[in-house]
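As they're listed, the protein sequences go chains A and B. So our numbering is basically just the index in the first sequence, starting at one, shifted up by 999. So our numbering is basically just the index in the second sequence, starting at one, shifted up by 344.
No lab work stands behind these hints: they were computed from the structure. Glycine included, C-beta positions come from ideal geometry on N, C-alpha and C. Wrong hints could be hidden among the right ones.
[To be verified] Covered stretches of chain B, as calculated for chain A (at least 3 residues, CB under 8 Å): (1) 388 to 397; (2) 508 to 516; (3) 559 to 566; (4) 595 to 603.
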Amino acid sequence: MQKSLKTKFLGHTINSPLVLPAGVIGMAFSGFNISIENGAGIVTSKSLTMKPRTGHRGPIIAEFEGGFLNCMGLCNPGIVDGLVEIDQFKKRSNIPVIASVFATSTKDFLKLTKHVNNSKADFLELNLSCPNVFDEFGIPLSASHDEVYKITKAVKQISTLPVITKLSPNVYDIVSIAKAAESAGSDALCMINTVGPGMLIDTKMIKPVLFNKFGGLSGPCVKPIALKLIYQTYSAVNIPILGMGGVTYGEDAIGMLMAGAEVIGVGTAVHYRGIEVFNKINSEIMEFMAENGYASLQEIPKLEKLKM
Amino acid sequence: MEKRITLKIAKIVDETRDIKTFTFNHSLGAKPGQFIMLTDFEGGEKPFSISDCSKNEFSITVKRIGDFTTRLFQKCVGDYVSIRGAYGSSFFVSNKKVLLVGGGYAVPTFNFLAKVLLETGADITLINGACTRAEHVFDNSFKNLNINVINTTDDGTLGEAGTAVEIAQKIIAQGKFDFVYASGPELMMKALQNVIGDLEYEFLFERYMKCAVGICGSCTMDPSGIRLCVEGPVLSKRKVEKLTEFGKYHRDASGKRIKF
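Chain A extracted, bound-state conformation:
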């Protein structure tokens, strides 16, 4: 039996279901290169904004027992230079790229969409859920069912690429927000963004460890939350889910597939297992398939959907 990780996502054939998520490594085209060299099937840019952003001052990352807190603060070279990096990557590679964008108004999301339309990106991701720019922009747009619907709908009308809406886990009713994105025409959902946010304190200097004080949680501690929210959402919508949150080993990725994800993001695990993590997880998924007699990812069963 010929086993393969080859699968399809929104019409694109990919060699691995593993995705480099927004904000991880993908600042420059070289960041995409090192990720695909090591087995990623799709790569995502930093969330690009109209103007360059230097992000928060450091420390922007802090480790604790269960994972990391981070508050990068949406650092990115801006939409124009960011798309140059994507285009440069696409000159040498046919691996699909998700252009992630962030704005705070429909008007700016539309401007960003026009830029992405003219690039070599394959998908457009609407980051409606960055938890780390509260002081600047307030509650993430993805907290509001109406905002998610309004922005997704407007972007869908002009986007020439499939649109992926990135959702926050930090909401009371994820299903209604996922459904808002779906009914507005979103082609897929990306979930979950980081959890919390939370904080850590240096007890000698009596200071928050992160200069931004608060930062989103990622890593193994968020996996159960991610699985639960993906499963609930999968049960309620009919569009594919790019699932992520704490995936570190093949076992975690398979759990994501069973919860309803079609493809799986791997971010923080790059620290725990090295940049080789994509290839490692690919092999672990292959081993699982061999042990259980699955010839393709599609044969891996999904949980029975929740009854709504």
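Fit chain B to the given chain A structure using the hints.
Then chain B, alone, in the frame of chain A:
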């Protein structure tokens, strides 16, 4: 991530008007070429090369260049700062005839390297270069080591007149070196690469870093995506030769390309 630890500054030495060495009583277990991340929790966390490291203490040597280092320069012995590391790749430890080429505030890392190389019995020649006398550092530290030191300044105010690379070119032609190490401004290292011939080498690079653990992508180098905080900051000849950005551009905190 190496565990964050908050430490008191144990000793401060003024090297020049704008360069200080800070020493901490802590068993860091670092290797030459590696770096730590340091913060005062007042905004900013920056990478610093380790200029000395023994069983129970380590030092960093810092040049005052911006807000962050200006605040650091106001600190006194006994004040706290928080560090994590050591991170990154380290220098290959040769036991042969080696040439160390250093420029400005990047020279002190060679103090740590030279001590480790001496333990293996390497025959060391160091070119300690700076623009001018006031920028020249670690003269006394190197005098205390059993190595050949050639001091140079671009303007001739201390040691030989000329750039470190000009001196390197001369002595590479004369001596039979087995290995070259460089730590200094990127354009110095680029110029050195052009005069180094077929010699094996390692260069210590500097790029904007944020997470220092290989996740954020701020310090990936084109085109292969070497993450300077993990696969660097010391890069081998094989890796340096593949860099397309070497001596051409680096990236700022937003990821925008900045020409040298």
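Against the structure, the hints come out as follows:
With 3 residues carrying a beta carbon less than 8 Å from a beta carbon of chain A, the stretch 388 to 397 of chain B meets the three-residue requirement, and the given coverage holds. Here's how the stretch 508 to 516 of chain B fares: 0 of its residues keep a CB closer than 8 Å to some CB of chain A, so the rule of at least three is not met and the hint is violated. Using a Cβ-Cβ cut-off of 8 Å, 7 residues of the stretch 559 to 566 of chain B lie near chain A, which meets the minimum of three, so the contact claim holds. For a cut-off of 8 Å, the count of residues in the stretch 595 to 603 of chain B with a CB near a CB of chain A stands at 7, and the three-residue condition holds.
Consistency with the previously given hints fails for number 2 only.
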